[in-house]
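Peer 1: Protein chains in written order, with my numbering: chain U, 5 to 431; chain W, 280 to 604.
It is possible that part of the hints are untrue.
Only part of the chain U face toward chain W is listed, based on derived beta-carbon distances under 8 Å [what the hints assert, rightly or not]:
id, residue
1, G185
2, F189
3, E257
Below, computed lysine-lysine pairings styled on BS3-like, alpha-carbon distance capped at 25 Å [claimed, not checked]:
id, chain 1, residue 1, chain 2, residue 2
4, W, K551, U, K240
5, U, K231, U, K90
6, U, K187, U, K176
7, W, K551, U, K427
8, U, K341, U, K388
9, W, K503, W, K431
These are calculated hints, taken from the structure and not from any lab test. The model shown is predicted, which means the values in this text are computed figures rather than measured ones. Glycine residues also receive a C-beta, built at the ideal position from the N, C-alpha and C atoms.
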Amino acid sequence: MKAHLTNHAIRSAVFAALATVSFGAMAAAAELHYVLGTVGNDVENFRKLVKPWEATTGNTVKLVPMPASTSDQFGQYRLWLAAGNKDIDLYQTDVIWAPQLAEQLVDLSEAAIDLVPQHLPAVIQSQTVNGKLVALPLFTDAPALYYRKDLLDKHGVAVPKTWEELTQTARKIQDAERADGKKDFWGFVWQGNAYEGLTCNALEWVKSFGGGQIVEPDGTISVNNEKAAAALDLAKSWIGTISPEGVLAYQEEEARGVWQTGNAVFMRNWPYAYSLGNSADSAVEGRFDVAPLPSGSENGSSAATLGGWNVGVSKYSEHREEAISLALFLAGPEVQKQRAILASSLPTIISLYDDPDIAAAQPIIPRWKEVLLNAVPRPSASAKVKYNELSSKFWSAVHETLSGNGSAAENLEVLELDLEDLKGGDW
Amino acid sequence: MTNAITTTARPAIERRQLNLQQQRVRAAFWFLAPMLVMLFLVAAWPLFRSIYFSFTNVTLNNLYAGEWIGFDNYLSWRTLSSGRTIWRGTLVDPAWWNAVWNTVRFSLVSVTIETILGLLVALVLNAEFKGRGLVRAAILIPWAIPTIVSAKMWSWMLNDQFGIINDMLLNLGLIDHKIAWTASVETAMVAVLIVDIWKTTPFMALLCLAGLQMIPRDIYEAAKVDGVHPLRVFFNVTLPLVRPALMVAVIFRMLDALRIFDLIYVLTPNSKATKTMSIISRENLIEFDKFAYGSAQSTLLFAIIAVFVAAYMWLGKLDLSGEGR
Numbered sequence: 005m006k007a008h009l010t011n012h013a014i015r016s017a018v019f020a021a022l023a024t025v026s027f028g029a030m031a032a033a034a035e036l037h038y039v040l041g042t043v044g045n046d047v048e049n050f051r052k053l054v055k056p057w058e059a060t061t062g063n064t065v066k067l068v069p070m071p072a073s074t075s076d077q078f079g080q081y082r083l084w085l086a087a088g089n090k091d092i093d094l095y096q097t098d099v100i101w102a103p104q105l106a107e108q109l110v111d112l113s114e115a116a117i118d119l120v121p122q123h124l125p126a127v128i129q130s131q132t133v134n135g136k137l138v139a140l141p142l143f144t145d146a147p148a149l150y151y152r153k154d155l156l157d158k159h160g161v162a163v164p165k166t167w168e169e170l171t172q173t174a175r176k177i178q179d180a181e182r183a184d185g186k187k188d189f190w191g192f193v194w195q196g197n198a199y200e201g202l203t204c205n206a207l208e209w210v211k212s213f214g215g216g217q218i219v220e221p222d223g224t225i226s227v228n229n230e231k232a233a234a235a236l237d238l239a240k241s242w243i244g245t246i247s248p249e250g251v252l253a254y255q256e257e258e259a260r261g262v263w264q265t266g267n268a269v270f271m272r273n274w275p276y277a278y279s280l281g282n283s284a285d286s287a288v289e290g291r292f293d294v295a296p297l298p299s300g301s302e303n304g305s306s307a308a309t310l311g312g313w314n315v316g317v318s319k320y321s322e323h324r325e326e327a328i329s330l331a332l333f334l335a336g337p338e339v340q341k342q343r344a345i346l347a348s349s350l351p352t353i354i355s356l357y358d359d360p361d362i363a364a365a366q367p368i369i370p371r372w373k374e375v376l377l378n379a380v381p382r383p384s385a386s387a388k389v390k391y392n393e394l395s396s397k398f399w400s401a402v403h404e405t406l407s408g409n410g411s412a413a414e415n416l417e418v419l420e421l422d423l424e425d426l427k428g429g430d431w
Numbered sequence: 280m281t282n283a284i285t286t287t288a289r290p291a292i293e294r295r296q297l298n299l300q301q302q303r304v305r306a307a308f309w310f311l312a313p314m315l316v317m318l319f320l321v322a323a324w325p326l327f328r329s330i331y332f333s334f335t336n337v338t339l340n341n342l343y344a345g346e347w348i349g350f351d352n353y354l355s356w357r358t359l360s361s362g363r364t365i366w367r368g369t370l371v372d373p374a375w376w377n378a379v380w381n382t383v384r385f386s387l388v389s390v391t392i393e394t395i396l397g398l399l400v401a402l403v404l405n406a407e408f409k410g411r412g413l414v415r416a417a418i419l420i421p422w423a424i425p426t427i428v429s430a431k432m433w434s435w436m437l438n439d440q441f442g443i444i445n446d447m448l449l450n451l452g453l454i455d456h457k458i459a460w461t462a463s464v465e466t467a468m469v470a471v472l473i474v475d476i477w478k479t480t481p482f483m484a485l486l487c488l489a490g491l492q493m494i495p496r497d498i499y500e501a502a503k504v505d506g507v508h509p510l511r512v513f514f515n516v517t518l519p520l521v522r523p524a525l526m527v528a529v530i531f532r533m534l535d536a537l538r539i540f541d542l543i544y545v546l547t548p549n550s551k552a553t554k555t556m557s558i559i560s561r562e563n564l565i566e567f568d569k570f571a572y573g574s575a576q577s578t579l580l581f582a583i584i585a586v587f588v589a590a591y592m593w594l595g596k597l598d599l600s601g602e603g604r
């Protein structure tokens, strides 16, 4: 009896081994499709990052590039997922999408059980919906103030600490540079197009002025207040003075276009602009630095909208095992380190902030820890599936204010009413 | 047996004749069947489905879980305990009516300008000159470029800081500061109109040219012999004769303009000044979690276009069936 049992055990072990081998052989044929919105040189970087995984597993990864606008990407992903599309295995998702895509992405909490504790808890939390880990963090994002240190030195001014100071400094340098014959020189460029990016920009102004974060974590709508209105009024004063009127149509790349050709003193942008700004063909190479975004008042705190990208596995993927393995690889320390060095992306693995290689290649990253500490999340967790509409209403109200259609106070009052309607009984 | 054949001989001939007629009908049916099936699958079915969705509360998370809610997406009301009545639905949504107004304004302006320019270009192309074939081909290029490509191209050209349009206008001294074409509310619609007119004038020109070439040359010769002023020839001869072709061209463009989407989506997607019916219904369908509400808007868009076409045909006494006038 005992002998029989052992025999049986051996046989099943052999079977299991065989099964693994044949499964491995089957997996070798898999071609995964990975979709992401591309900014800067994302495509080249992605190829470099997945190469080791392709080499060890024998699978191939095909990249499906999407436009840079996050709203465009979201619309397409939503459609693909609603149609149960089997062609895309992995989606690179924005930090705010988790509650909206939760139903159609695979729960990764089991698979990533060892990896999760290494990541920033706040980021993991943003990707967890009702106990389900929807996506794994690839890198986090928090914008900062880019400034031209050569120009600040030339005109003998310090890095601005408050938005008010920024306004004055920008004005001063802009006037001086224009007097020197640089007709197209501007003080401050940022993202003012009516899109998700404006929600990020405006949230930073409002939050740093002490005006709350649109909708508080408990679900109350806080946006209609004097401090928020003061923040928007100040931003309104930039249009046409220190910022070109066209900033109302700028997204990240347009702002970087003006900045990187050397035509602005200050820029608000995400970390990706750092390595691009220091590339060989950049007009501002080695002539700029970054600082946390200014705060609202003298002793107020600065605020940076928490961004970041994650990878989720489609529920409809026919190569789920391989896709999960790739997701784990991409969210792991090895790739996060590579990504930090290649693209100045901020790791979500805490220990990497003390990594000497990263510090040597991108000295900026250890310093970004300070920015991350002040990061403010967008109200996606409280607004759940209604977040996009909330954000759209918010950026529309801000865009109206900046374009001069109604004062900040009037527009915020109407916005509050709209948001209450949208909220209904509960978010 | 032979008897039976002779007695049925005459009706058999008749039957064969009938059969010939029937056969033709049947053959025609079979030739048309693939197209009918295709039309049903790609046009009728999606149309009915989205009309159906507009009466449910379906969301994009699960397209099969919607419940029938009647006309609530279009119009619904609730009376509060205070006695105040709250109206909800697309028909009382100011954003929707703003989009309708934008679309109508865009369509009227763009189609009017395109028709005039198209007719002018067609008149030039109708004249005999060297290299006419080449010019005709060249003028079609804007129409041949995919809209997304030309819209993206124009969005860089219209960029306020490094766009070539501002650079040219500045160098010519026509403007004194750079204009933020797509950003500012006042110029956003103008920017969209410029690109649309650039793109679709060739199409109008081509349709007008086809109409112009139908006009017999001897009428012009007769007018020339009589010494009629060319302007009078245009208004009394050319215009009346080209009118049927022009009317068809205008309705084609009108239909196209009323459902404008791609150009605006690339150029000024979120600007309130250029949001059209298609843009706003897509926004609700996909961006926001309101698939059914967006379906109601696209159903209304369909209805509005249908009304436009019917009114146009009635007013213009236009005959699209092709059977004489």
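Peer 1: Against this structure, judge whether each hint is valid.
Peer 2: Each hint tested on the structure:
no.: 1; hint: G185; in the structure: violated, 15 Å
no.: 2; hint: F189; in the structure: violated, 11 Å
no.: 3; hint: E257; in the structure: violated, 11 Å
no.: 4; hint: W:K551 x U:K240; in the structure: holds, 18 Å
no.: 5; hint: U:K231 x U:K90; in the structure: violated, 48 Å
no.: 6; hint: U:K187 x U:K176; in the structure: holds, 14 Å
no.: 7; hint: W:K551 x U:K427; in the structure: holds, 23 Å
no.: 8; hint: U:K341 x U:K388; in the structure: violated, 32 Å
no.: 9; hint: W:K503 x W:K431; in the structure: violated, 48 Å
Hint violations for this structure: numbers 1, 2, 3, 5, 8 and 9, all remaining hints satisfied.
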